[in-house]
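Kindly generate the complete structure, drawing on both the sequences and the hints.
Respectively, the protein sequence lines represent chains Z and E. With our numbering applied, the first sequence covers 1 to 580. With our numbering applied, the second sequence covers 1001 to 1189.
Calculated from the structure, these hints are not laboratory results.
Listed below are the simulated DSS-like cross-link pairs for lysine-lysine, each with C-alpha atoms no more than 30 Å apart in a straight line:
| hint | chain 1 | residue 1 | chain 2 | residue 2 |
| --- | --- | --- | --- | --- |
| 1 | Z | Lys329 | E | Lys1019 |
| 2 | E | Lys1019 | Z | Lys203 |
| 3 | E | Lys1174 | Z | Lys203 |
| 4 | E | Lys1168 | Z | Lys203 |
| 5 | E | Lys1034 | Z | Lys203 |
| 6 | Z | Lys332 | E | Lys1034 |
| 7 | E | Lys1164 | Z | Lys203 |
| 8 | Z | Lys329 | E | Lys1069 |
| 9 | Z | Lys316 | E | Lys1073 |
Remember, it's a predicted structure, so these values are computed and weren't measured experimentally.
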Amino acid sequence: MNNMEKESTLTTMPAINDGARISGSEAVIRALINEGVDTVFGYPGGAIMPIYDEVFKFDEQISHVLTRHEQGAVHAAQGYSRASGKVGVCFATSGPGATNLVTGIADAQVDSTPLVCITGQVPSGLLGSSAFQEIDIIGISMPITKWNFQVTRAEEIPEAIARAFYVARSGRPGPVLIDITKDAQFGLLDFHYAPCQGIRSYKPVPDLDEFRVAEAASLINAAQQPLILAGHGILLSGAEKELLELAEKADIPVACTLLGLSVMPDDHPNYVGMLGMHGNYAPNKLTNECDVLIAIGMRFDDRVTGDLSQYARQAKVIHIEIDPSEIDKNVKADIPVLGDAREVLQALNEKIKPAAHAEWRARFRELEQVEFDKIIYHDTTPTEGQIKMGEVINLVSQQTKGEAVIVSDVGQHQMMTARYYKFNRPDSHITSGGLGTMGFALPAAFGAKLASPNRQVVAVVGDGGVQMTIQELATMVQYHVPVKIIVLNNNFLGMVRQWQQLFFEKRYASTEMVNPAFAEVAKGFGLESKRIAERAGLARAIADMLAWEGPYLLEVAVEKEENIFPMIPSGAAVTDMRLE
Amino acid sequence: MKEKEQEEVFTISVLTENKSGLLNAITIIFTRRKMNIEALNVSETEIEGVSRFTIIIQSTFNRAEQVVKQINKLVEVLGSFLYREDEVYYQEIALFKMGTAAFLNNNTIERVVRNNGARILVIERDHIVIEKTGHRDEIRALRKKLEPFGLLEFVRSGRVAISKARRKTHEFLKELEQANYFTSENNYQ
Ligand SMILES: Cc1ncc(C[n+]2csc(CCOP(=O)(O)OP(=O)(O)O)c2C)c(N)n1
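Right, here's the structure in full:
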């Protein structure tokens, strides 16, 4: 989705109570209201209490969601942002409150998620004195934020927050942290709010280079076997339509990265599946046979490329990317095209000639058949043995008609979800890609549901990951947020176990887990729940869960030692993808 | 895969807004890659509120270029530029503290100072300080020559460098401001 477009109506709203003399903490809330924020996730504590006092006063305009851990707050803000395209906002107190945000901030940085995190800080006179709950969160968060700033005077607040939102949402989005000392929260200022329009030292979107666009177009027009690699940047810039136009007009197969999933409907004839270590066989294999590789809004992560020295060496590479530092970082671009994906694709599409690549596309279908016969069929429609993860995802996909927002955690179930959910709508796949943060899904699904109350939101979590943020079940109950949670329980840290099996001769060191009765635990938290272990009742159980009006946890006992294939062993080439 | 590349000395020149914490933000870009900063200098520029970091590294071109792009991403960085050795004018400054005795008994030391483009900065009762501005090898050569006379203390600065290109900082800033439709009302002190 296009952030700028969505939020433009909000940033032009007149500032409320312009010119009033108010406290720094009130200025924080007014600034947020001016930025169009209506939901904040957070957790209070001493150093941020003045701001919470204002939360109390402004609860008509801003609803604050009390999570059960600051990590829950930041992941919820991420989920909220990824489902809505808006900036996610969270609050935490100084010291441990701030450090508990770190994992989520890092996650948002790697996965380009716009966040504004506001932390309380000890009074400025105590900075550097190891005061109670004083921690240098500016220093700690420096490598994992797009920008951070410490406010020590009340007057700095409106401008710091205006800037925070501008930096977070513009260009390649990312997390921003604003640390506000307690004296600045208490201090008084004359409140004026002007949204930030620009910063001279910061250029969010590079200028479009028409010459490069023309070069790219002629390369694409001459291509015999072109392949598009579609990444998260397309979703972030709202370029789904333009991508479709390019793919259809020039008849180019499109493969997605993990975070690019849902840019294009799964059943589109040009869609050929997911890239990467556990992606689909055809797009990985054929990466090394295409003649022109068109990478859009993606960064050639090592999970996508495998061994770089054997990656697409035969292809001319066009790299469409908003962040200049991604160009030539991993894969050398023959034609780098800097810019916002939508803007570039609009310009490019004008120069693209219609083409047909039926034979080339048929190659993908052939390999897809191989993968279907060897893997997909058995994963998704087994008839004997224990329930398999793939069949659960397949049923969820069918029953939600590919229209749900799917939030997955990290591990085997994440890859199964990415492989077998057939996405029909953009911005429907939310997962922790770059950082691979276990514990992400539960709170992120909560945030996503708040952002899109009219869509079905389903979290798919492993028995390991669910226990990292399970306390957020209480938040779902307190705020009546009907998230549907599927725990795929294999009593193992499955992904790690699989590697132990394949690469460490089955030495299962500390990966087997004795788990609580998840359905009972959920009941204790006040959720409706069920545990299922038999195939016969599975479809019905999923339907019941989806139909339930409140939050629901469905524990599915799945095969303990299932492996996920195909797989590119780490460090191997894309062509070395193993089917078993 | 990156081909094996030669390492060379690069000068990275970074123009920034004046903001606390920026030194840290810049240096962690190097430490994260386990790259060593050989010398670092921070100074004001001819434009108020704009600082210049001059950073010297030994690296391959590819790595150096990646680092420069990362520095450029920092919000308060106005511009970050990578120079090879032949693309900059540069100097370092060294101070040598010598015992006075060496001078009293011998005038060759004065000749050494003169012939090496150094100068005597201070003369005190018990010590003399010699100052030398130049490239690293010149400073090293002088140090070798002074050592026999009893070198008490030695210190050398990081490099300061200025590019040979004709671009002027204020023109560069003006371009930036125009490119970003930046207006002074939105300036952030
Ligand atoms: C916070 C965190 N710790 C450790 C890991 C390493 N890790 C990756 S996948 C995985 C196993 C996940 O197990 P589970 O949640 O049960 O899901 P499964 O793989 O069984 O589907 C682990 C431990 C991680 N990604 N994140």
